[in-house]
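K.L.:
Here's the letter readout for the chains.
2 protein chains.
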Amino acid sequence: MRLSVDKEQLLKALNNAGKAIAPKSPLPLLANFKVELNEKGLEVTGSNNDITIRTTVPYMIGDKQIITNTVPGSTLINAHLLGDIVRKMEGNVISLDVIDNAIAKVDDGHSSFKLNCANAEEYPDIDLEPSGTDLTMDCQQLEDLVAQSAFAASTKEQRPILTALNLEAGENELIATATDSARLARKSVHIDSDVRFRANVPARTLIDITHLMEGSAAVTFYVSDKKVLFTFDNTVVSSRLISGDYPVTRSIIPQNFNYFLQVNSQELLNAMDRVAVLSSGKESVVKISMREDHVEVSARSDSNGSANEPIQTFQFSGERLEVSFNSLFVIDAIKALKSEDVTICFQAEMRPFVVKNPKDDSVIELITPMRTY
Amino acid sequence: MRLSVDKEQLLKALNNAGKAIAPKSPLPLLANFKVELNEKGLEVTGSNNDITIRTTVPYMIGDKQIITNTVPGSTLINAHLLGDIVRKMEGNVISLDVIDNAIAKVDDGHSSFKLNCANAEEYPDIDLEPSGTDLTMDCQQLEDLVAQSAFAASTKEQRPILTALNLEAGENELIATATDSARLARKSVHIDSDVRFRANVPARTLIDITHLMEGSAAVTFYVSDKKVLFTFDNTVVSSRLISGDYPVTRSIIPQNFNYFLQVNSQELLNAMDRVAVLSSGKESVVKISMREDHVEVSARSDSNGSANEPIQTFQFSGERLEVSFNSLFVIDAIKALKSEDVTICFQAEMRPFVVKNPKDDSVIELITPMRTY
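Chains as they are written, first to last, in this note's numbering: chain A, 619 to 991; chain B, 619 to 991.
No lab work stands behind these hints, which were simulated from the structure alone. One or more hints might be untrue.
A pair counts as met if it fits within one copy or between any two copies, since identical chains are not told apart.
Claimed, not checked - Below, in silico cross-link-like pairs of lysine-lysine (DSS-like), each with a Cα-Cα straight-line distance of 25 Å or less: (1) Lys732 with Lys900; (2) Lys774 with Lys658; (3) Lys706 with Lys637; (4) Lys732 with Lys974; (5) Lys845 with Lys977; (6) Lys706 with Lys953.
The structure presented is a predicted model; accordingly, all values stated were derived computationally and were not measured.
Chain A on its own, in the form it takes in the complex (with noise of 0.2 Å):
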C-alpha cells in the first residue's frame, strides 16, 4: 500500500474516525485506524465495539487532486500515534508507505516516520453496509433533536436503557426521548417520510455524531434490529443499540397544571447559579418561591448558610407555591430551550413539572422536584 495524500483532508479523516478509539481499548487491535487504499478512495476506520467510524478520503474534490501516487493496500497503524503525528507535520502533502506489511512510513517531505503496523486482516470484521429502515433528513434537524433530548439520559450503568436516547419515528414525526428517571426530556421533529421504527441509541453516540456532522448538509440512517448506521458526506457510523424495551414516558408527562411562572431565561440561569453556592451536596437544591406579586430563588446550607434573590421580571398565576429541585436539571432544561423566555408549569410542589418554550411546544422538559428543606 502507498499513497500521497492532502494533509487537510487526511486529517479530517484521522480525526473523525478517532473518536471512535477508546483511550483505553479492551481489545488492543482497537487501539488502531484500519488505513485501506481501495477504488472508493482512503478508508480510515476506528471502532470501539460500541461505536466505529469510517470516514473516507475520496481522490478528488472538485478539481482537485486529494490522492495520488497509490498502490491498493490496507494496514491497521496505532491511532493515537497517526493522529498526533499527522497533526504535527508542517507539510501538505503526506506520504504513506508500507513497507512488507511491517512497517508504515510516513512522510511529509521533510519529517520522516517509521510507525510498527499489523495485518489489517487482523481487524474485527465490521460490517459498514447499508440495511434496515431508512430515514434521511437535514443534519441541523438531527442536531436540534439530539442537543434538545439527549443531555437527559442517564450516564450511570446501573439501568442501561436509560443511557439512550429513545427514536420513535411514524407518523411523519421523529420523536426522542431521553430520561435518567429524575427528569425527562422529549422533542419531536416533523419528518417527510412514513418510516416507522423505534430505536434505543446510546445517547452518547448521538452527541459524538452531532459534532461530527458539523458542516454536512444531509444524514441518513439506516435502522435494523441490532444497530443503526448513520450516513453523511464521506462519514459512515455504527453504533450498536441498547437492548430492552424503553420505559413508556407518554403517561408521565402530565398535561393540566394549575401554576404558570413565565420568566427571562438569562435572570433565572443566573440567579439560581448564585444562590446555589449555598446548596448543600451533590445535587445543587435551589427553591423557587412564587406568588402573584413576588417570585425568588434561594438556597440553604447547614453548615454554610442561606441564599436567596428576588426574580425581577416575571408573571405567576396561581397560588402560593414553593417547589424545590436540583438546579442543574433546570440550567439543562432551560439551555436546550434556546429560548429567551421559558414558561415552568406546575402542578403541586411535589409533583413533577415541565419547562417549556412559550413559543415551541416540540420541545418538553419535565423535572421531579426534591424534598424542601
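Given the coordinates of chain A, work out where chain B should sit on it, guided by the hints.
P.N.:
Chain B only, in chain A's frame:
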C-alpha cells in the same frame, strides 16, 4: 464589623489572598479568609501555613471612595464561598455586615447571602511585619529572574531543598539557581543595593508571587532566618524558607566546551516536539546527531517505531557528535531563554551541556544527557 466596598477592588483582594488557600486545608480554620476592617482599610488574608497572602483594599483610590459605611471589626469567612459569591454578583457595590460574630451578610442590593462565620481570634497569629535584610527591585526584574530559573526546581519532595529557588545577593547582583539534579537553571540580575543574603524560597511560591505582581511596579523583599516577606502595591506575601544548605552548584557549570551548535529556537522546538511522539517512556528521549554539514533530531521506541527530522538552519563547529536527552528539559530551557536563536555548548556525549542565548550571558541552562539507545 460592617462596610460597603467597591466590588472590583474586593474581588481583586479575594483573588489575591485566595491564591494561598489550599484546595484541602489541613487546618479547617485555614479554609477561611481572615477579613479585617481597620484604619488601613479592608485586609483580606489567606494562608496555607507555608505561604500567607494579605491584600488590603484601601479607603480611597485617587479621588474614588472605595470603602464607605464602616464599623471596624474582623471575622473569618469560608474563602471558597466568599470568592464564588462575590465573583457571581452583578452589583458594583457589595455590603458586608457581620452580625453577632456568627453570620456575615453579603449583599449587592439584589442577591443576599448569609454566611456562617467564625471568631477572628481563632485565626493563627501570622506575623506579616517587615523584618530582616531588605531589597527593592523592579517587578519585571523579579519576573525575569523567576521565569528563567524556577521551572528547573524539583517538584518532588524527596529532597526538599531541591524544591527551592536559591537566591543569593552580593556584589550588586542577585543570582537565582534551581536544579532538580538532572538539570540546572541560573539567572543573575544587577541590583542597586549592596545587600548580602542567601535564601531558599519554595520555587512554587515565587512563581505564584510573579503572577500576583502583574501590573505592579516595584517589589520589596525582606529576608530573615526562617521566612521571607514580599510587599508590592497593597499586598504582602510571607513564605517560609526551606531549611538546609543548598548544593554548591558553581563548580558544576562547565566553562570549556568542544562543540557549539547554533540553531533557530522555534525550528528546533518544533522538530523535537514532532519526533518525541515516538520516544518511549516518560522522559521523551530525543537524540541530536551533529556533523558540520548535517544536524538531525531523532527518537525511537521499541514498540512503536522511529522518527527523524533534519534541522535546516544551523551552524555547528566541532567533531561529529550524538547526544541523547530528555527533550522536555531542552524545550523548557529554550522557552525560558526567549531568544530567536540558541547556542548549545557540548563537552562530550555523556557530559552536561549548556543551552544559552548567544546575546545574553545572564542565563545558563545546564542539562545532563541520557544514555543513548
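K.L.:
What label fits Lys732 with Lys900 when the C-alpha limit is 25 Å: within, between, both, or neither?
P.N.:
between (49 Å within a copy, 20 Å between copies)
K.L.:
Classify it for me, Lys732 with Lys974: is the Cα-Cα distance of at most 25 Å met within a copy, between copies, both or neither?
P.N.:
For Lys732 and Lys974, the Cα distance exceeds 25 Å both inside one copy (57 Å) and across copies (32 Å).
K.L.:
Quick one: Lys706 to Lys953, C-alpha cut-off 25 Å, is that within a copy, between copies, both, or neither?
P.N.:
Close across copies (18 Å), not inside one copy (36 Å); limit 25 Å.
K.L.:
Pop the pair Lys774 and Lys658 into one bin, within, between, both or neither, using alpha-carbon distances up to 25 Å.
P.N.:
neither (40 Å within a copy, 54 Å between copies)
K.L.:
Given identical chains, is Lys706 near Lys637, meaning Cα to Cα at most 25 Å, within a copy, between copies, both, or neither?
P.N.:
Within one copy, since 18 Å is at most 25 Å while 35 Å is not.
K.L.:
Reference check for the pair Lys845 and Lys977, CA-CA at most 25 Å: within, between, both, or neither?
P.N.:
neither (36 Å within a copy, 65 Å between copies)
Taken one by one, the earlier hints fail for this structure at numbers 2, 4, 5, listed in ascending order.
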